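2 protein chains.
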Amino acid sequence: MYLAMNRFTVPVANAAEFEELWLNRESHLQNMEGFVSFHMLKGPEDEGRVLYASHTVWQTEAHFRAWTTSEAFRASHARAGESRPLYEGTPQFEGFQSIQSIDASA
Amino acid sequence: MYLAMNRFTVPVANAAEFEELWLNRESHLQNMEGFVSFHMLKGPEDEGRVLYASHTVWQTEAHFRAWTTSEAFRASHARAGESRPLYEGTPQFEGFQSIQSIDASA
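In order, the protein sequence lines correspond to chains A and B. Sequence positions in the first sequence follow numbering that gives the first Met the number 0 and run 0 to 105. Sequence positions in the second sequence follow numbering that gives the first Met the number 0 and run 0 to 105.
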């Protein structure tokens, strides 16, 4: 599996609006080839800022790369600029390859 | 879902040994109540250091908390000190709550 994470540092005062924006957006992921799952995650709060992370799992990195050059990706991000003032700086992207996997016993 | 991540900054020279240590350790997670999945992830390399992250998904944060106070947890971490020289500083823990979930279409 390949995990694409984008980390957002959001001032506490903007957190509710930031969440609302994500929860109400239109997602284009669901029918992309190789897409496994998406989660919007709320992480720890530190010094008045909340760490959020978008967490998208793909079958392979190649599937993720195909998504980033697709029409659906452009459509998803066309309005991204509107939310910029809600978080500090720029989102921090991190891509991860799984090197070991353990699932719950059946 | 609740995601418990631990981030490790590993000098490139230690990466192979760090991976081997993880891949060969004994895991006690599989039979814990509320355990969903574990992945060891290899992230980006930057300035001679590789970011690794252990990525454990639980049904709820309460299940994760129960794990951290269990006998199995103590057994899993009894030898943790032996690997310390392989990464820089201390692992950085981040716990995340899912606030939105999208799965692939069936």
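In case anyone wonders, no lab produced these hints; they're calculated from the structure. What you are looking at is a predicted structure, and each value in this text was computed from that prediction instead of being measured. Just to be clear, a hint being listed does not mean it is correct.
Since the list gives no way to pick one copy over another, a pair counts as held whenever it fits inside one copy or between any two copies.
[Claimed, not checked] Below are the SDA-like pairs computed for lysine to any residue, each with C-alpha atoms no more than 20 Å apart in a straight line:
(1) K41 - E16
(2) K41 - D102
(3) K41 - N30
(4) K41 - T68
(5) K41 - S104
(6) K41 - S100
(7) K41 - R73
(8) K41 - E70
(9) K41 - A71
(10) K41 - A77
(11) K41 - R64
(12) K41 - I98
(13) K41 - Q58
Hint check:
no.	hint	in the structure
1	K41 - E16	within (13 Å within a copy, 33 Å between copies)
2	K41 - D102	between (23 Å within a copy, 18 Å between copies)
3	K41 - N30	neither (25 Å within a copy, 27 Å between copies)
4	K41 - T68	neither (27 Å within a copy, 23 Å between copies)
5	K41 - S104	neither (27 Å within a copy, 24 Å between copies)
6	K41 - S100	between (23 Å within a copy, 12 Å between copies)
7	K41 - R73	neither (25 Å within a copy, 28 Å between copies)
8	K41 - E70	neither (28 Å within a copy, 29 Å between copies)
9	K41 - A71	neither (25 Å within a copy, 27 Å between copies)
10	K41 - A77	neither (24 Å within a copy, 30 Å between copies)
11	K41 - R64	between (25 Å within a copy, 17 Å between copies)
12	K41 - I98	between (25 Å within a copy, 7 Å between copies)
13	K41 - Q58	between (24 Å within a copy, 15 Å between copies)
Hint compliance for this structure: hints 3, 4, 5, 7, 8, 9, 10 are not met, and every other hint is.
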